[in-house]
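Q: Single-letter residue listing:
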Amino acid sequence: MANIISDETIEYVGILAKIELSDEEKEQAKKDMGNMLDYIDKLNELDTEGVEPMSHVFPVDNVFREDVVTNGDDREKILSNAPEEKDGAFVVPKTFD
Amino acid sequence: MSKEYEMVIGLEVHVELATKTKIFCGCSTEFGGAPNSHTCPVCTGMPGSLPVLNKQVVEYAMAVGLATNCTINQNCKFDRKNYFYPDNPQNYQISQLYYPICINGGVEIDTPEGGKKTIGIHEIHMEEDAGKLVHDEWGESSLVDFNRSGVPLIEIVSEPDMRSAEEVIAYLEKLRLIIQYLGASDCKLNEGSMRADVNLSVREKGAKEFGTRTETKNLNSFKAIQRAIENERERQIELIEAGEKVVQETRRWDDNKEYSYPMRSKEDAQDYRYFPEPDLVPIVISDEWMAEVKARQPEFREEKAIRYAEEYKIPEYDIDIITSSKKLADIFEETVAICGNPKKVSNWLMVETMYLLKEKGIDADRITFSPKNLANLIQLVNSKAINGNVAKEVFAKIFDEDIEPEAYVRENGLTSVNDEGELRKAVEKIIEANPKSVEDIKAGKVKAMGFLVGQTMKEMKGKADPGSVNAILREIFGISE
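Taken in order, these protein sequences are the chains called A and B.
The first sequence begins at 1 in the working numbering and counts up by one.
The second sequence begins at 1001 in the working numbering and counts up by one.
Keep in mind that the hints are not guaranteed to be accurate.
Said to hold, decoys possible - Simulated pairs of lysine-lysine, PhoX-like, Cα-Cα distance not exceeding 25 Å:
no., chain 1, residue 1, chain 2, residue 2
1, B, Lys1327, B, Lys1372
2, B, Lys1257, B, Lys1343
3, B, Lys1081, A, Lys18
4, B, Lys1174, B, Lys1132
5, B, Lys1116, B, Lys1208
6, A, Lys86, B, Lys1055
7, B, Lys1458, B, Lys1384
8, A, Lys18, B, Lys1132
9, B, Lys1081, A, Lys94
10, B, Lys1358, B, Lys1384
11, B, Lys1020, B, Lys1003
12, B, Lys1372, B, Lys1397
13, A, Lys94, B, Lys1174
14, B, Lys1020, A, Lys77
15, B, Lys1326, B, Lys1313
16, B, Lys1020, B, Lys1116
17, B, Lys1188, B, Lys1358
18, B, Lys1223, B, Lys1081
19, A, Lys94, B, Lys1313
20, B, Lys1116, B, Lys1174
21, B, Lys1132, A, Lys77
22, A, Lys42, A, Lys30
23, B, Lys1020, B, Lys1132
24, B, Lys1343, B, Lys1294
25, B, Lys1294, B, Lys1313
26, B, Lys1327, B, Lys1344
27, B, Lys1217, A, Lys94
Hints listed in this document are in silico derivations from the structure and should not be mistaken for laboratory results.
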């Protein structure tokens, strides 16, 4: 494996993804990420000079909807997905910006 | 001698577009519904839901870009901006980073010194708004309403071209007017349909390098923007003078305390890991589509001003007020088309309409009366069917309820008495009752005639033309104009 993922990197990625990993999981994740980067290195061997980056795998563009209201009030159903509900709103831990 | 400093300011302006539906789903964008009553699996980030782009969003964004001299990126697409926050149910915001729809534009502003200056626009991109967090005063929780989640926004990013709060305000006013004329948004700072974040740094006058900038958020009025800029300027200069460093950070303005404070960083990491949005296909804007949008552009303020001076020959002052709102300008033009008399129409709009708008605390774009009724009112005054005071009273009714003036005047018996005989009778009665005034007038105190006019108007219960009354009195006393 050419790419070695440091402990700091795996810690940082964990923070960004808001997940906590056990030491064992960290080791596994380091190995997996290293392998992925090795694969990217492989792709980098190709000369892509002058090739437009592909943004989408299908040859489709301009898929639009017209500006017409099609959804009604579905809040009962939507809120049934909330772990906790109050006054028609989703309840989350107290958050300030 | 103390050093002289200058500010370098760039703005990020978010504008809520006036579409009926959200950017990626068919939910209504209507404001003020019960919490979460305008939501669906897409705008609440449910797994498996897929976004479909609202065509109108692209057209509005393109229209704003064309009106601000931008180049349209005819191949553009969306990207994902990843971050965790409870008002953002997908844990990413769909925005544009790599190929924003508009780039390299600019608008010209009038500077406080009386000159002109172009403020560059770096880019305009399309994105979705987040939901609203309400903090529970007592509990240990916050409440989330996703009605605003997915409401379409454009973000207009300026170049760091502004040097004073006045230039910032002039730039914002300019943007607001262009966007309002386009009908792309109502641009209300106090209601959040236009939001400005101020990026500001200071440097010694003449310096080439930029200082360290801060970003100030939560500015809900032009006044708040002005104060926050002055406040941040002082704060940064104080730091520099004390030999300390300005920290690059985001600050939140508190309008009550008139102070900004650093916002708690979102887990420290401002690492958004943008990548191309895989759920949306690219947008290809053909020359034809662009031409169509361009052809639909309205006449903007500057063009209107030139035409009004030529076509209607009304003073520059009038033009300035009337074109300050597309709604006012539309009413003006439609009214003149019916009854002519551009200066009279302009007067009704500038004086009475502005007065009533101010008194009721509403904006010109919320005017509800029809040009037809204003035109009819002007015709009633012109034909002396009603006098000026009655006209004002009737106009207040038109303003509030858009009543038909002719019917209203008839039903309420407000028609002026123009019958010469009847007027003369009233004048004679007043002359008889006021011998002192008559003596005064005969002694050369012509001013006393005003009193007799007033008394006659009173006798006629206000339903006479003061000019006619005046003429009769002059005739009786043999006083020429």
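Q: Each hint should be assessed against the structure and marked as holding or not.
A: The hints, checked one at a time:
no.	hint	in the structure
1	B:Lys1327 - B:Lys1372	holds (15 Å)
2	B:Lys1257 - B:Lys1343	violated (46 Å)
3	B:Lys1081 - A:Lys18	holds (16 Å)
4	B:Lys1174 - B:Lys1132	violated (29 Å)
5	B:Lys1116 - B:Lys1208	holds (22 Å)
6	A:Lys86 - B:Lys1055	violated (35 Å)
7	B:Lys1458 - B:Lys1384	holds (18 Å)
8	A:Lys18 - B:Lys1132	holds (22 Å)
9	B:Lys1081 - A:Lys94	holds (23 Å)
10	B:Lys1358 - B:Lys1384	violated (29 Å)
11	B:Lys1020 - B:Lys1003	violated (53 Å)
12	B:Lys1372 - B:Lys1397	holds (14 Å)
13	A:Lys94 - B:Lys1174	violated (39 Å)
14	B:Lys1020 - A:Lys77	holds (23 Å)
15	B:Lys1326 - B:Lys1313	holds (19 Å)
16	B:Lys1020 - B:Lys1116	violated (37 Å)
17	B:Lys1188 - B:Lys1358	holds (16 Å)
18	B:Lys1223 - B:Lys1081	violated (32 Å)
19	A:Lys94 - B:Lys1313	violated (61 Å)
20	B:Lys1116 - B:Lys1174	holds (13 Å)
21	B:Lys1132 - A:Lys77	holds (19 Å)
22	A:Lys42 - A:Lys30	holds (19 Å)
23	B:Lys1020 - B:Lys1132	holds (19 Å)
24	B:Lys1343 - B:Lys1294	violated (32 Å)
25	B:Lys1294 - B:Lys1313	violated (29 Å)
26	B:Lys1327 - B:Lys1344	holds (18 Å)
27	B:Lys1217 - A:Lys94	holds (21 Å)
Of the hints listed earlier, those the structure fails to meet are numbers 2, 4, 6, 10, 11, 13, 16, 18, 19, 24, 25, in rising order.
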